[in-house]
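Asker: Sequence:
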Amino acid sequence: MRFLIIGGDAAGMSAASRAKRHSPDMEAIVLEKTSDVSYSACGMPYNIANSSRDVEDLVVRTAQAFRDKQGIDLRTGHEARAIDPQAKTVTGMTSQGKDFSFTYDKLLIATGGSPIIPDVEGMDNPGILPLKSLDDARKIKAFITASNVKKAVILGMGYVGLEMCEALVERGVEVAMVKPGLFFLPWMDRDLAEQVQKEVESHGVKLHLGHDLTKVEKTASGLTITCPGLSLEADLLIPAIGITPNSQMAVKAGLETSVGGSISVDRGLKTSDENIYAAGDCADAYHVVTGKKTWIPLALIANRAGWAVADNVNGKNVELPGIVGSAVFKVFDLEVARTGLNMREAEKTGFDPASVTIKARSRAHSHPGNSTIWVHMVGDKKSGRLLGIQMVGKEGVAHRINAGAVALHNHMTVDGFSLTDMAYAPPFGPVWDPLLTAANQLVKKL
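Residue 403 is where the sequence shown starts when you use our numbering, and the numbers rise one by one after that.
Each statement offered as a hint is correct.
Under the rule of at most 30 Å between Cα atoms (straight-line distance), these lysine-lysine pairs were calculated in the DSS-like manner:
id, residue 1, residue 2
1, Lys654, Lys490
2, Lys490, Lys695
3, Lys732, Lys796
4, Lys695, Lys718
5, Lys435, Lys654
6, Lys654, Lys672
7, Lys694, Lys784
8, Lys534, Lys600
9, Lys490, Lys718
10, Lys732, Lys600
11, Lys672, Lys694
12, Lys617, Lys541
13, Lys695, Lys783
14, Lys500, Lys534
15, Lys608, Lys620
16, Lys608, Lys732
17, Lys608, Lys534
18, Lys541, Lys500
19, Lys534, Lys620
20, Lys732, Lys750
21, Lys750, Lys783
22, Lys608, Lys552
23, Lys783, Lys694
24, Lys654, Lys500
25, Lys694, Lys534
26, Lys783, Lys847
27, Lys490, Lys672
28, Lys541, Lys435
29, Lys620, Lys541
30, Lys617, Lys552
31, Lys672, Lys471
32, Lys500, Lys435
33, Lys796, Lys761
34, Lys490, Lys500
It should be emphasised that the hints constitute simulated quantities derived from the structure, not laboratory data. Note that the coordinates shown come from a computational prediction; the quantities given were computed from them, not determined experimentally.
Put together the whole structure using the sequences plus the hints.
Answerer: Written out as C-alpha cells, the structure reads:
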C-alpha cells in the first residue's frame with residue numbers, strides 16, 4: 403500500500419511514524435514544502451525570549467532521522483498543489499522548480515493552518531513578521547537582533563499574541579497590543595479576564611482595545627501603524643489575530659468543508675472521499691460537550707488524529723471521541739486555562755447554563771506562598787451537566803484544569819464532580835480544592 407501524506411506537521415509525521423510501526427513494509431511518503439518537520443511550535447515564544455538559545459534547539463527530530471530510523475520517504479522541498487481524487491494522484495512542484503506527481507492508495511491531508519494577515523495597505527513592508535512556523539521564529543529572532551528592536555506592536559491579544567508579548571518584554575522591547583474588539587479575552591469571564599489584563603499592563607504593556615488597523619507605513623525609523631484615532635511607532639509588527647485552515651487544495655478537489663473553512667472529517671478522520679483523510683489544524687473535530695462539529699487547532703488533537711489515521715489506514719477502525727477545547731498558556735506570572743464551553747457558547751448550542759465565579763487559595767491558608775486562584779465554572783440547569791471551566795492564578799492552574807477536562811470527557815454532572823475524591827496536602831491546595839468549592843457553589847445555582 404502507498405500511504406501519501408501532504409504536510410510534515412505534527413499530524414502528518416505522527417501518522418507516518420505510526421503507520422510504519424504498524425506496517426514496516428508500507429510505502430509511506432510525506433510531501434513537505436519546507437525543510438522543517440518535527441519541532442516544538444508551542445515553545446517558539448519562549449525560545450525567542452532567550453537571546454542565548456538557538457532556535458534549532460526546538461527541533462525534536464530532523465528530517466533525515468525519519469528517513470534513516472523509520473524508513474519514511476520524506477520529501478522536503480516538495481509543495482503539493484493539486485489533488486485528483488478520481489486518478490488518486492497529487493501533483494506539485496519542488497523548491498527547485500521541478501514538477502512532480504505521486505499516486506496513492508490512501509491520502510492524508512495535513513496541511514495545517516496559516517496566520518491571518520490583515521488586508522490593509524503596507525502589510526508587505528519589512529519588519530512585519532507573523533509567528534506560525536519554525537522559519538517564522540528564525541526570522542523574528544534574527545530581526546530582533548539585527549535591527550536592534552526597541553519597540554514592537556502586536557496585532558491581536560490571543561494565546562500567541564500574549565506569549566509573544568511576554569517574550570518581547572523579556573528581551574527589553576517596549577510592547578503595545580492592538581485589537582478591534584472592545585473586550586480583552588472576550589471568551590473569558592470578565593472577572594478572570596480583568597486579572598489577566600492587569601497582569602499584562604503591570605509589565606508596561608500598552609493595550610489598545612477597539613482599534614481597527616487601517617494602514618502600515620515604512621518610515622526612516624521603522625514602521626508607523628495607523629488606526630482611526632491611534633498612531634503607533636514600532637520597529638517590529640507581529641500579526642497574531644489567529645490562523646485559518648489550509649483547506650484550499652481540499653476544496654479544489656471537491657472535498658466537503660466545515661466550521662471556519664476547515665476540512666470536514668468523520669470520527670475516523672475520513673473526509674467526504676473514502677480514500678482521503680485529514681488531520682491537524684486543517685481539519686475539524688467533534689466537540690464532546692455539544693456533540694457538534696468544531697474547529698479548535700491545538701497540538702494534542704493534531705498528534706492524536708495523526709495516530710488515528712495511521713491506525714485506520716492499517717485497517718484498525720479507530721474513532722476519536724472528540725475534544726473539549728482544553729488550553730493553557732502562561733503570561734508573565736499568571737497561568738491561564740480553560741476547558742469546555744463558556745456561557746455564550748453554552749447558550750448558543752442550546753443549553754440552559756448557569757455559572758459561578760469564585761476566589762480560592764492555591765495552598766492551605768496557613769502555608770507560606772499561597773496565592774489567589776480564580777475559578778469560573780459553567781453547568782446546565784436542565785441536565786446538571788458540567789459544561790466548562792476557566793481558571794487564572796499564579797500557580798496550580800495549568801495541571802488542575804485537566805481534572806475538568808476528564809470530567810467533561812466523561813459527561814459528569816456538577817454534583818458528581820463536586821463529590822470526586824481529590825488529593826489534599828497544604829503545599830498544593832486547601833482541603834476543599836478550588837474546583838470543588840466552585841462546584842459546590844454551582845450546585846446551589848443549578
